[in-house]
Structure formats: structure tokens, C-alpha cells
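*Asks:* Fit the two chains together into the complex; they arrive one by one in their own frames, and the hints show the way.
Spelled out from the first residue to the last, the chains are:
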Amino acid sequence: MSAVSTTLVGDRKREAGIGESPPRPDGVPKVTGEFAFSSDLWHDRMLWGGTLRSPHPSARIRSVDIGPAMAMAGVYTVLTHADVPGAATYGLEHPDQPVLAADVVRYEGEPVAIVAADHPETARRALAAIVVDYEITEPLVDPSLAEAAPPIHPDGNLLRRIHLRHGDPAAADRNDLVVVEGTYEVGMQDQAFLGPESGLAVPAEDGGVELYVATQWLHVDRDQVAACLGLDPGLVRLTLAGVGGAFGAREDLSLHVHLCLLALHTGRPVKMVYGREESFHGHVHRHPAKLWYRHHADTDGTLVRVEARLLFDGGSYASSSGAVIANATCFAAGPYRVPSADVEGIVVRTNNPPCGAMRGFGAVQTCMAHEAQMDRLAGALGMDPIELRLHNALTPGDRLITGQVVTGTLPVAEVIRTCAGSPSAATRPDQPMSRPGGAGRTADATHVVRGEALAVGFKNLMFSEGFDDSSEARCELQDGVATITCACAEVGQGFVTLAQQIAREVLSVEEVVLAPVETATIGSAGSTSASRQTWMSGGAVQMACEEVRTTLLVRMAAEYDVPVDDLVLADGRVCSLSGSLDVDLTTATIEPVTADVVHRHAPTFPLDADGQGNAHVSFAVSAHRAIVDVDPDLGLVKVVELTTSQDVGRILNPTQALGQLEGGAAQGLGLAVMEEVQVVDGRIRNASFTDYLVPTALDMPPVRVAALIEQPEPGAPFGAKGIGEPPTISSTAAIVAAVRRATGLDLPRVPVRPADIALADAAPRGAR
Amino acid sequence: MTGPYGLTVNGHRHEIADGWVGESLLFVLRERLGLPGSKNACEEGECGSCTVRLDDQLVCSCLVLAAAAADRSVTTVEGLSASHEADGLLSDVQQAFVDAGAVQCGFCTPGLLMAVDDLLNHYPDPDDLTVREAISGNLCRCTGYGRILDAVDRAASARREAQT
Numbered sequence: 000m001s002a003v004s005t006t007l008v009g010d011r012k013r014e015a016g017i018g019e020s021p022p023r024p025d026g027v028p029k030v031t032g033e034f035a036f037s038s039d040l041w042h043d044r045m046l047w048g049g050t051l052r053s054p055h056p057s058a059r060i061r062s063v064d065i066g067p068a069m070a071m072a073g074v075y076t077v078l079t080h081a082d083v084p085g086a087a088t089y090g091l092e093h094p095d096q097p098v099l100a101a102d103v104v105r106y107e108g109e110p111v112a113i114v115a116a117d118h119p120e121t122a123r124r125a126l127a128a129i130v131v132d133y134e135i136t137e138p139l140v141d142p143s144l145a146e147a148a149p150p151i152h153p154d155g156n157l158l159r160r161i162h163l164r165h166g167d168p169a170a171a172d173r174n175d176l177v178v179v180e181g182t183y184e185v186g187m188q189d190q191a192f193l194g195p196e197s198g199l200a201v202p203a204e205d206g207g208v209e210l211y212v213a214t215q216w217l218h219v220d221r222d223q224v225a226a227c228l229g230l231d232p233g234l235v236r237l238t239l240a241g242v243g244g245a246f247g248a249r250e251d252l253s254l255h256v257h258l259c260l261l262a263l264h265t266g267r268p269v270k271m272v273y274g275r276e277e278s279f280h281g282h283v284h285r286h287p288a289k290l291w292y293r294h295h296a297d298t299d300g301t302l303v304r305v306e307a308r309l310l311f312d313g314g315s316y317a318s319s320s321g322a323v324i325a326n327a328t329c330f331a332a333g334p335y336r337v338p339s340a341d342v343e344g345i346v347v348r349t350n351n352p353p354c355g356a357m358r359g360f361g362a363v364q365t366c367m368a369h370e371a372q373m374d375r376l377a378g379a380l381g382m383d384p385i386e387l388r389l390h391n392a393l394t395p396g397d398r399l400i401t402g403q404v405v406t407g408t409l410p411v412a413e414v415i416r417t418c419a420g421s422p423s424a425a426t427r428p429d430q431p432m433s434r435p436g437g438a439g440r441t442a443d444a445t446h447v448v449r450g451e452a453l454a455v456g457f458k459n460l461m462f463s464e465g466f467d468d469s470s471e472a473r474c475e476l477q478d479g480v481a482t483i484t485c486a487c488a489e490v491g492q493g494f495v496t497l498a499q500q501i502a503r504e505v506l507s508v509e510e511v512v513l514a515p516v517e518t519a520t521i522g523s524a525g526s527t528s529a530s531r532q533t534w535m536s537g538g539a540v541q542m543a544c545e546e547v548r549t550t551l552l553v554r555m556a557a558e559y560d561v562p563v564d565d566l567v568l569a570d571g572r573v574c575s576l577s578g579s580l581d582v583d584l585t586t587a588t589i590e591p592v593t594a595d596v597v598h599r600h601a602p603t604f605p606l607d608a609d610g611q612g613n614a615h616v617s618f619a620v621s622a623h624r625a626i627v628d629v630d631p632d633l634g635l636v637k638v639v640e641l642t643t644s645q646d647v648g649r650i651l652n653p654t655q656a657l658g659q660l661e662g663g664a665a666q667g668l669g670l671a672v673m674e675e676v677q678v679v680d681g682r683i684r685n686a687s688f689t690d691y692l693v694p695t696a697l698d699m700p701p702v703r704v705a706a707l708i709e710q711p712e713p714g715a716p717f718g719a720k721g722i723g724e725p726p727t728i729s730s731t732a733a734i735v736a737a738v739r740r741a742t743g744l745d746l747p748r749v750p751v752r753p754a755d756i757a758l759a760d761a762a763p764r765g766a767r
Numbered sequence: 000m001t002g003p004y005g006l007t008v009n010g011h012r013h014e015i016a017d018g019w020v021g022e023s024l025l026f027v028l029r030e031r032l033g034l035p036g037s038k039n040a041c042e043e044g045e046c047g048s049c050t051v052r053l054d055d056q057l058v059c060s061c062l063v064l065a066a067a068a069a070d071r072s073v074t075t076v077e078g079l080s081a082s083h084e085a086d087g088l089l090s091d092v093q094q095a096f097v098d099a100g101a102v103q104c105g106f107c108t109p110g111l112l113m114a115v116d117d118l119l120n121h122y123p124d125p126d127d128l129t130v131r132e133a134i135s136g137n138l139c140r141c142t143g144y145g146r147i148l149d150a151v152d153r154a155a156s157a158r159r160e161a162q163t
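Taken in order, these protein sequences are the chains called A and B. Numbered by numbering that gives the first Met the number 0, the letters in the first sequence go through residues 0 to 767 in order. Numbered by numbering that gives the first Met the number 0, the letters in the second sequence go through residues 0 to 163 in order.
For the record, the hints were derived by calculation from the structure and aren't laboratory data. All the given hints hold, so there is nothing to weed out.
Covered by chain B, per the in silico footprint, the following chain A stretches (three or more residues, Cβ under 8 Å):
| id | stretch |
| --- | --- |
| 1 | 29-36 |
| 2 | 191-199 |
| 3 | 684-692 |
Far from chain A by the CB rule (all over 12 Å, computed), these chain B residues:
| id | residue |
| --- | --- |
| 4 | THR7 |
| 5 | HIS11 |
| 6 | ARG12 |
| 7 | HIS13 |
| 8 | ALA16 |
| 9 | LEU53 |
| 10 | ASP54 |
| 11 | GLN56 |
| 12 | SER72 |
| 13 | ASN120 |
| 14 | TYR122 |
| 15 | ASP124 |
| 16 | SER156 |
| 17 | ARG158 |
| 18 | GLN162 |
| 19 | THR163 |
For each label pair, taking beta carbons as the anchor points, the in silico distance ranges come out as:
| id | chain 1 | residue 1 | chain 2 | residue 2 | range |
| --- | --- | --- | --- | --- | --- |
| 20 | B | THR7 | A | VAL512 | 36 to 42 Å |
| 21 | B | ARG159 | A | ALA35 | 31 to 37 Å |
| 22 | B | GLY33 | A | THR426 | 47 to 53 Å |
Idealized CB from N, CA, C, for every residue including glycine.
The shape of chain B in the complex, shown without the other chains (with noise of 0.2 Å):
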């Protein structure tokens, strides 16, 4: 077991006190705060479903060991819809993904969702090979991403609207 520390997610902050040490972000996020959101389909840092945010960059959670996320932000699929105004509702991508049919299984969403908010965070308007790459990392296996890919083009429209 290790020492309490304290973790910030989606603006909320936890204590975990009885945790052992050898536990990735991930375990804790699904196991002991109750956020299931970030997928498990890997653990190995191949699948990108469990994207998370950590302070302003992207990583795969099953990688980095929740003690070492300690007093920094962490934001999951979880706090994606409340970081936007509309309070309940969802968020530009997670509706895009909703209306485009590009959620299936959905194992691989909650890292896609994260993935693709982060790259329109970063590139408002992205051509179709920077969309590709973006989200080269994050596999998905039941839709050959042709309906992600839309659920972009719409995602990205509804932002730069929005933001116009």
C-alpha cells in the first residue's frame, strides 16, 4: 500500500487512501473513484481507449501510475459534457459521434471522444490525414472509421460555428 495521495478529476478532488502503489491511473479512475468511462481494452498504451487528459496533455492512463497523476488535473470522457456550457448536455464531439452513427460497440468512444476534442482544441479546421493521424492511435474495430471520421467533419463545423 502506499501513502494518501490526492488526485483532481474532472474538477473534483479525491483522497485515496488505501491504494497500492503498483496502481495505473486507469485502475484507480475505473476502480476506486467510480469513473468506468476510460476503457481497459489494452492496457499496454496501444488502444487509446483509455485516453485521459492529464493537466493539458493527452495520455493513455493505463500507462502512467495514478500516484504519479497526483496534484495534477485530470479530465475523463466523464467530464467531457460538463466542460461545456450547456449544462447536461452533451459536448460539440460527443454529439457529433451520436449523430454521425459512429459509436457501435463504443468501447473505443470514451478514448476517441477525448482524442478528437483534444485535436479541434488544437486545430479547429483539420484536413483529412491530420484527422487520420490524430486519431491513429485510438483502434476501433467495429466501425473501420468512416463514421468517425464524419462525426469529425461535423464536430469540427459545430465548433468553428460556435466559436464564430
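Bound conformation, chain A alone (with noise of 0.2 Å):
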């Protein structure tokens, strides 16, 4: 087997199988309390890790002394960074994080001491008896003052830029084009999960270490952990434990190496949880960007070309800032046809916190400002803007600004004529409650405004520019029964689910069982991120079941003496077309049968020094039309109805699927109107869930989902895209369009505050 199969074993579904929802395997065990989430684990002999921070943003450590905590009783161990026995930094591009503070920290939040003790509130107390002589500099909070400011880091505070330039650099040198120009912000984001940073760490006889904790790509964990550690990649052995959502944050390590120091050092295991508090500072957020655009088109709106400078905000260590500026770069103009672009992407080292991955990586921010050009480009034109959009919308074997050729499936326009077609069910509402302001009753309903837009966003499925992007997969079938290798990490978003209907479909088996997530039986699956879960290890299981397959039906075919094309696998058992076979599974698989398999899409290349190049594999698109209700007294916006189509591939679990189109499209609210890690000299204001809002269940209306275009994608299993990411990433630019058209306002920033519309019109004046 050397690919994946894009179309069904069948045309017959399969109960259980490919397009029908079953119940998630960790459903009833999560409905119970028995799931393990990762601050779930306990241990015998367990003590408590707690992380000493920097409280300040920019400081110079002139001494550390540990020894008060150290003389306390139930403190095992208090370490810093001279007890890093291997490489002092760690990242996932660039290792230039330390695991531990020397002689700098550059945010605010940055781990400087770990100690394990007996008791979390012993621990509490050690953290607070060491003694950090700090010497407190200038933190540098300013991107755009970055790249001219000393470096803040032996790396240099350029992290990376890119100079996107695509086409014809005269194409608008000419006075009958219309021409709009904006400039865009967007707030940092934060992931949010519900589930804080957590783990156990158990130290093991041979000298290495067991770690369970809650990931999205455990061997690259792996790798970063045992290379701080100084061991062997071999003896570190990590098991996934329950994650409790992810988002992109879970893609850095956070408490990895701090565990197992302290599992090594003190002989016993060691857990460790965050607070929420903590965990604001203990994962990367979305990069805060500032966006400059200048669109020029033809009086019938034909895009002629798209100029942008994208500033993001990196915080003060690498993380994936490197990818997420290339993703922003590549699709800063949007699902348009657009001849001639010169798009410079920037991504700067500051002393704010570091950032990194978010669900959308990077396309959120140019889709919030791509689409407020294209309906100011609209509004230029005295034009539709959605037929704008449709007179622009990319097509397959168009070109993207890189340069590249769009050879699957995207069903761009279908996208968006759905969703702008389909009827609303939105009412005026009757109820206070349901107004702006909502709980507060605040809103005068004689002054309320409501406006209706639509947005669409655009992102690649999967790694980029030539990442050797893989997963394995292992199956073995025995007794009838199907186990499942694969150290995909399941984060929520149900892959469980997925790699036991790929496997019903290809086998024909009832019960397929998966086994444990851990990095000592199976190579990596990739990181649960950039939507390609589905596609890598959906693919990698499917490959793997249908090797099984097929050396079943060798091995039979041999045994029986009969053809092999005449055998067939269905309804769980071995049959022949000629009927002169028919044994069940359970029998013909009493010796097992076994298939490895690594999956690996079409290769991708890096981007050229313009910018250019076949840097993605495959695409997706969205498009989300909001309507929002919007209290100008006060500036409060209640968004009323929200409407998607999304390009999908194919569906293979409905119910799953819209789980992921209602809660992406939540986050993107959230970004839209409540979001926001509000970062002042460096500082976070709000690291708690009373301060940064994340939408609730009154916050949220109902999600309806116009169309799901399904396209199936060549090279994808069953045809099917990867779908997490689309949802964030219109839903934002849709709702804020939206709050635009109702209130007439310019609103160039995300999340809109409320002083930006109830005081637009009552700017300060001077004292006098």
C-alpha cells in the first residue's frame, strides 16, 4: 500500500463506519468521572512540583538562593538552572527557550525555580522562600520598536520575516484602478482549555523517566525533554494522559522538563498542576498583529493586486512564530485570485509572553483584515460585497499569491454563495436577556442596531514548506478483533472515534480497540494541530487496515486454494464471490495478522527568497455570515444567529463535524467581541477566567450550518479535509463585519471593546 484510499471500500455503509456518528469510545468513561485527564493521575510516594516565575517582564538575575526553601520541612528538592543536566533551552523551531532562568528573564512568568514538596501548599510556601535578586531592566513591549531596539536575546529579536512578492510589481501602476487602504489590529488570544498544564513524572529503574501529560505531539515532546535531560531519547517513555483540550497550546512544552528533573532528582514521582493563573503564563498565546493592507482593483472589481505588512508580536521566545508569519504571509490576501502582491510578513522578538500556536495559526488575523478590505473595496466599488467575493473567488488551477497552483478541490464560490443564501431563523428578541448586555437587562430595545455580514477565511490543512510531515499506524487483527496503534494525540476533538470507523469500514470488524498513546510502542503521529489529524493518521490507520486486509486475504486465498480476487471482506467474515468460501473473521484471524504502515502526505517545498514556491499541500475554506445586535449607548454587542458553510472533503462523522464547526466558531466569537490577554508594559492584567471572558452558553447563538461542500480531496482518506481550523478563522472576521454594518463604524480592531463603539464619536478633548 503505498497511499491512501480517497473513496469507500463500498457503497454500502457499514454500521459504525465511515459517515455515520457512533458514540465516542471515551464517551461514557468522561460522563462518569473515571476519564484520567492529566491533573487526574495520583501516585504512591507522589510529591507536588511547583514553578517559581519571574515577576517581571525584563530583569537581569543577579543571584538565586534556595536555601531557605531548601531548609523547610516537607520540601524534597528545590532546583534551578545549574541543575539542567543537557541542553539549558528547548523550542520547537528554534531551542532558544530556557528550561529554567540563568542569568535573564525575558517575560514576565518565566519559570526560574521548580521545587517538589509534600503538600501543593508546601511547595506554595518553598516558591515563596527563595530569594531572586533581580535587577530589573527596560522590558521592550513594542513590536514595530523590535528589530531597531538592542537585541533582547542572543538570537536577535527578528524572528523571522518574509517578503511575499507575486506577479507584475507594476500591475497597479495606473490611475483607473480603485483603491482601498486600511490598517488592522488584532488582540492576543488566548487557548483557553479547560484542562491546566498537568502531569507525573515517574522516575524509572534503568535510569530514565515515565511521563504522563497532557500533549498534541508527544515524540517532539519527547525529543526536547530527553535532549534537557541529557538521556537517551529511549528513556523517556511518554504515555498521553487526558487532555483537556488544546487549541495550539499544548504544542510548546510547558511543565515537561520541570517534571522530570524533579522526578530524577528526588527518586520519587512528581506531579504537577497549574492554576488558571499559572496557566496564562505557562502556554504561548495567539500572536497580537498589526495589519496594513492596500487593495487595488479594476472598476468591475476584479482584484489587480493586494500589498500588506503584517507585524506580529512573538513574545519573547520562538516557539512556531516562524510558520505562523509564513501561514499569515501566504494567505494574507484571502480565497481571491489576486495577480500581484507584495505581502511582507514580520514576526519580532518583545519581552510581552511568548507566542505561538492557536487554532487558525496565523490566518485568523489576515482573514479579520483581508475580509474588512474587501468590504471597503466593495463599498469603493458601489458593489455587492458578496458578489465582490464571488467575481474574486479562487478556483482550482487558479494561482495563490505564492505562486503556487491549486491542483485539489476548492470549492470556493459554493462556499460562499451557500452560506449568503441561506434564510435566516433569526427573530427580533422579545426577552431583555436576549439583548446586548444580556444578564444586565441594559439595552434600550428602541436603540438597539443590527447589522449582517459575511466573512470567508482561508488556510492550509497540514505542515508546510518541506516539513517531513508523517504518522504510523499499526494494526493487528486477531480473534476478529482490530487493535489500533498510533500515537496520535486525541485532544477532544474525537480522532478515537475516527480510527475505529476507518477501521470498522476497512475491515469489517465490530470491535476495534485502541491501544494506549505512548511514544515506546510507535513512531510519531505528528502533532494534533494544523487540521491534520484526519488526514495523517486517519490516513496511516486507514493504510495500515487495509494492508491487514489484504495479507488476510493473501493468506486465505493460499490456504483455501481459491483466487484472491474472488475473496472479499464483508459483514465480518471472509467470503468468495463464488461462494465456495465463507469463514468468520474470528476464525480466519486466529493467527494475527499485522500491518505497519507510515503515512506521509505529497511532499511540500520551502518558500523561495519572494516568497514563492509549492510550500502546501492542501487547502480549505469557510465562509460565516453573522448577525449581530449591537447597543450603541453602551457599546455591547449580542451576536444573534451565526451561519457557515465550510469545505469539508468529505464528512466522516457528521455529529463530530459539527462539534467542531459550533465550537470553532465559538472561539471566533470570542476573539470577535470578548477576547482578549490584555498585555500592559509586559504584563498580563486579566490571567483569570473573571478577567478574560470566554463565551458562555448566553454569549453563544445558535450555530446553523448552510452547507457542508463536500468535494472529496485527491490524497486524503475517504477524500475527507481536516476541519478544526476553518471555523476560527471566519467567524471572527464575519462578526466584527457585522458590528461594522450595524453601527456604521470603521472598528479596525479585534476584539471590538465597547468604548470603541459607545465612545467612536466622543473623542477626548485636549485640557485646556
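*Replies:* Here it is in C-alpha cells:
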């Protein structure tokens, strides 16, 4: 088997197979409370770990005195940078982040020391007893000053610059074009997964360590942890503990190395659980961004050229900033034909909190801007904004601004048409509770204004720019039961359900067992991110199962002396079409059949010096239409209805797909009107769920699915595209556009804050 | 350390012999009694994932000192199915969450189950806004609440049918 199959085995639907919505296998343990999340772990003789963090965004460390902490009863060890035996730094793309700060701290919350104690309260008191002498330095907090500022890190302040140049640079040197220009801003969003960073490390007799942790990518964690511990990667064995959501925030290491260090030093199992405030400091966030755009179009609306300057604040360490800015740059113009483009994407280092992966990964920021530009252009042209989008919509065979030709499916126009054409069910709320202001019942119904707008989002699927992106899966079929081993991290998205569905579909089995997810038993599945696991690990499972099926049929053909082409697997039996053979699968697989495959998607290539190249393997597009009510007096917004269409390739599990569309839209709503990590002078001011507002059931409107556009994608298992990220991309842009429509304000920034609306006409006057 | 005290959880009596007085009910349930079903998402009373029933009142167990719950009756998610007749089966609300696809990562699920169970005890046939308000103290980051609202509908129907 060399490739995934994009079609079903037969026409007939298999029970709980592809296209069905069987219950997820972890559903029952999750509703009974038995499912073990990473914070639920417990071990005999277990100690509690804690982390001392810098209170300053920028400082030199003159000294650290752990003596008072070490002297406390119940404290087993206190460790600093001097106790890190291997690499002092780690990182997803560049190892630039210290395990524990040595002589400098570069963000508020940077880990400086760690303790292990007999009780979390003892650990907290021990942390408070550590004396750190800081020499506070002026933090670099303005990303626009970062490149010119003295470097705050040996690797410099520029994390990555991409200058994309496409087509004729003089294309817009005409005076008959319509030109619109705008500057936009996106605030820092937090993934706000509910299950805080947590894990358990257990020292092993062979000198290694077992780490049970919630993560998105076990093997890349293992390699970084092993390097920092100075251990052979085989001695660091990771097992996926129950993951309470991820959304990008678990791609980077957090407490992994700390836990292992404490366990190895004390010789005891150590558990660590971040509190919510610590969690806000303990993981990367979505990059805040400033985006300048200029669109040039013919008077009939045909886009001629797009120029953009994108400045992303990467915060203090690189994380995945390089890949984020690549995405932002490549998809800066949206899913439209743009023959000429000049896009400069820059991501810099500052003393703000580190930023990295979050659902949508660079395309969220640019979507908000390119869609605002499309609306602005429609206004300047006197054209319907949906017509303008349809007029410029990319289709297969078109070129992106990276020069890459779209060879797969890309139903941009279909997504726009179905979403725009879907009837609305929105009514005027009769209850005050449903108006802007909600439970506060503040809105005067006669003042409330309504707006409606549509936005389109565009993003790559899977890893790009030549990354060797793979997933390994093993299938063993014995006694009629299929066992699937794959290191794909289940973070809530439902891969566990899909893996079972795929195995049932291919092997016609009922029972599919999923082996524990760990590094010791199988190779990497890659990251649960970039909307890639259905394709990558789903594809690997499909290929492994197909290989098992083939091997079994060949074996049966030889055993019973029938032509292999005469044999089929159906209804849990191996049968010959001629009727001469009919053996149930349980009997047929007393002797097990096993296959192990590594699945890779088609290769991609780096971007050249002009940001050109076949850097991506597949794309997805989505549209949202938002209807909002706005209370202009208080600047409050109620999103009344969201309607969406999405390019999905093929739906493998309708209920889970719906869950992705609804959940992604909720995160997009959050960024549009309420969610922002507020950073002042390098300090997070709202590191709690009291002050960082996540949408509640009262904030979320119904999400109506206008259409799931099923055009099977070449190279994808059963033709299925990843669907996790697009719902987060276009929803924010649609909501803010609807608020603009309702208020007539420019609103170039998300999240839209009450003052942006209520005080828009009340600019303060200088004192006289 | 504090003096020994008793806790009654899901009908079972426990003695806490060597607890520290500052421990929350959530901590004691999770770390001393081996009942980690109640979750620790914020530990500041904002997310609802630690919701338990204390006597007949819903509380955030992160905000209740364990010693203050002494000699009161605590019901956690682990006690939800046991409170229903059919032994070993899921409760109506639990079953509805599984059937509706209301569970993704599942971290908010125990708290939501407690909140919905309590809602249906008081309002057998709640309208949409009543449901939304009742669960607005329970944050979910995965689902956008759509399948959860569907699960509440299913559970309400099942409970009404069971009672007629």
C-alpha cells in the first residue's frame, strides 16, 4: 500500500463506519468521571511540584538563594538552571527558551526555579521562600521598535521576515484603479483550554523517566525533554494522559522537563498542576498583530494587486512564530485571485508573553484584515460585497500569491453562495436577557441596531514548507478484533472515534481496540494541529487496515486454494464471490495479521526569497454569516445568529464535524467581541477566567450549517479534509463586519471593546 | 493540619484524618478521596467544572473549604449514575451527553452534568433561554454549547417520559 484511498470500500454503509456518528469510545468514562485527565493522576509516594516564575518582564538575575526553601520541612528538592543536565534551552523551531532562567528573564512568568514537596501548599510556601535578586531592566514591549532595539536575546529580535513578491510589481501603476487602504489590529487571544497544564513523572529503574502528560505531540516533546535531561530519547517514555483541550497551547513544552527533573532528583513520582493564573503564563498565546493593507481593483471589481505589511508580536521566545508568519503571509489575500502581490510578514521578539500556535495559526489575523478590505473595496466600488467575493473567488487551477497552483478541490464560490443564500431564522429577541448586555438587562430595545455580514476564511491543511510530515499506525487483527496503535494525541476532537470508524469500514469488524498512546510502542504521529490528524493519522490507520485486509485475503486464498480476487471481507466474514468459501473473521484471524505503516502526504517545498513555492499540500475554505445586535449606548454586542458553510472534502462523522464547526465558531466569537489577554508593560492584567472572558452559553448564538461542501480531496483518506481550524478563521471576521454594518463604524480592531463603539464619536479633547 | 472531620460523599462516609485546614472540598475529593471526577479548571469559581451538590445546593467545590462541608451530604459526578435506579447504567443526563455528542475533551462535562441534572430537577421542561442561563456558569471551550443544548433537550424528554 503506498497511498490512502479516497473512496469507500463499497457503496453500502457499514454500521458505525465512515459517514456515521457512532458514540465516541471515551464518552462513557468522560460522563462518569472515570476518564483520567492529566491532573487526575495519582501515584503512591507522590510529591507535588511547583514553579517559581519571574514577576518581571525583563530583568537580570543577580542571585538565587534556595537555602530558605530547602530548609523547610516537607521540601524534597529545589532546582535551578544549574541542575539542568542537558541542553539548557528548548523550542519547537529554534531551541531558544531556557528550561529555567539563568542570568536573564525575558517575560513575566518565566520559570526560574522548581520545587518538589509533600503537599501543594508546602510547595507554594517553598516557592515564596526562594530569594531571587533581580536587577530590573526596561522591557521591550512595542513590536514596532523591536528590530531597531538592542537584542534582548542572543538570537536577536527578528524571529522571521518573509517578503512575498508575486506577479507584475507594476500591475497597479495605473490611474484607473479603485484603491482602498486600511490598518487593522488583532489582540492577543488565549486558547483557554479548560484542563490546566499538568502531569506526572515517575523515575524508572533504568535511569530513565516515565512522563504522563497532556500534549498535542508526544514524540517532539520526548525529543526536547530528552535533550534537556541529557538522556537517550529511549529513556524518556511519554504516555498521553487525558487532555482537557489544546487548541495549539500544548504544542510547546510547559512543565514537561521540570517534572522529569524533579522526579529524577528526588527518586519519587512528582505531580504538577498549574492553576489558572499560572496557566495564562505557562503557555503561548495567539500572536497579536498589526496589519496594513492596500487593495487595487478594476472598476468591475477584479482584484489587480494586494499589498500588505504584517507585524506579529512573537513575545520573548520563538515557539512556532516562524510557521505562523509564513501562514499569515501566504494566506494574506484570502481565497481570491490576486495576480500581483507584495506582502511583507514580520514576526519579532519582545518582552511580551511568548506567542505560538493557536487554532487558525496566522490565518485568523489576516482573515479579519483581508475581509475588512474586501468590504471596504465593495463600498468603494458600489458593489455588493458578496458579488465582489464571488467575482474574485479562487477555483482549482488558479494560482495563489505564492505562485502555487491549486490542484485539489477548493469550492470557494460554493461556500460563499450557500452561506449567503441560506435563509436566516433570526428573530427580534422579545426577552431583555437576549439583548446586548444580557443578564444585565441594560439595552434599550428601541436603540438596538442590527447588522449582518459575511466573511470568508482560507488556510492550508497540515504542515508546510518542506516539513517531513508523517504519521505511523499499526493494525493488528486477531480473533476478529482489530487493535490500532497510533501516537495521535486525542485532545477532544474525536480521533478515537474516527480511528474506530476507519478500521470498521476497511476491515468489516465490530470491535476495534485503541492501544494506549505512548512513545515506547510506536513512532510519531505528528502533531494534533494544523487540521492534520484526520488526514495524516486517519490515513495511516486506513493504510494499515488495508494492508491487513490484503495480507489476510492473500493468506486465505493460499490456504483454501482460491483466487485472491475472488475473496472479499464483508459483514465480519471472509467470503468468496463464487460462494466456495465463507469463514467468520474470528476464525480466520486466530493467527494474527499485523501491518505497520508510515503515512506521508505529498511533499511540499520551502518558500524562495520572494515567498514563492509549492509550500502547501492542501487548502480549506469556510464562510460565516453573522447577524448581530448592538447597543450603541453602551457599546455592547449580542451575536444573534451564525450561519456557516465549509469545504470539508468528505464528512466522516457528522456529529463530530458539527461539534468542530460550533466550537470553532465560539472561539471566533470570543476573539471578535470579548477575548483578549491584556498586556500592559509586558504584564498580563487579566490572567483569570474572571477577567479573561470566554463565551458562555448565553453569549453563543445558534450556529446554522448552511452547507458542508463535499468534494473529495485527492490524497486524503476517503477524501476528507481537516475541518478543525476554518470555523475559527472566518467567524471572527464575519462578526466584526456585522458590527461595522450595524454601527457604521470602521472598527479596525478585534476584539471590539465597548468603548470602541460607545465612545467612537466622543474623542476626548485636550485640557485647556 | 486540622482535626479529623467526616465527609459524606455519594452516600459514603469518609474520615479525613490529616488534612490541612486550607484544603478546598475540590482538593479533598480529588486528592484524598480518589474522586477526581470533579474538575480543576480555574479553582476560582468561574468555570463551573468543579460543580457538586452540597445537600441540595449546587456549589463550586473549589470555593468550599472541605472542613466546612463536614457532616453535610456531597454528591459528585461519580454519584450521578448511582442515584438512578438501573444499576451500573448511566443517568438520563449522562446518557444524553454521550448520545448527543456533547462531550469533546470532556473537562467541562462533570460540572455541566451536575448543573443540568439540577436544572431538570427544578424545571422539567425548560425553554432555551432558561437552559442557557442555567449552564452559563459552566464554561466549555470545545463545543460552542450546541450539542450540549441538544443533550439537555434529550435528557429533559427522557426524564419527563420516565416520570409519566
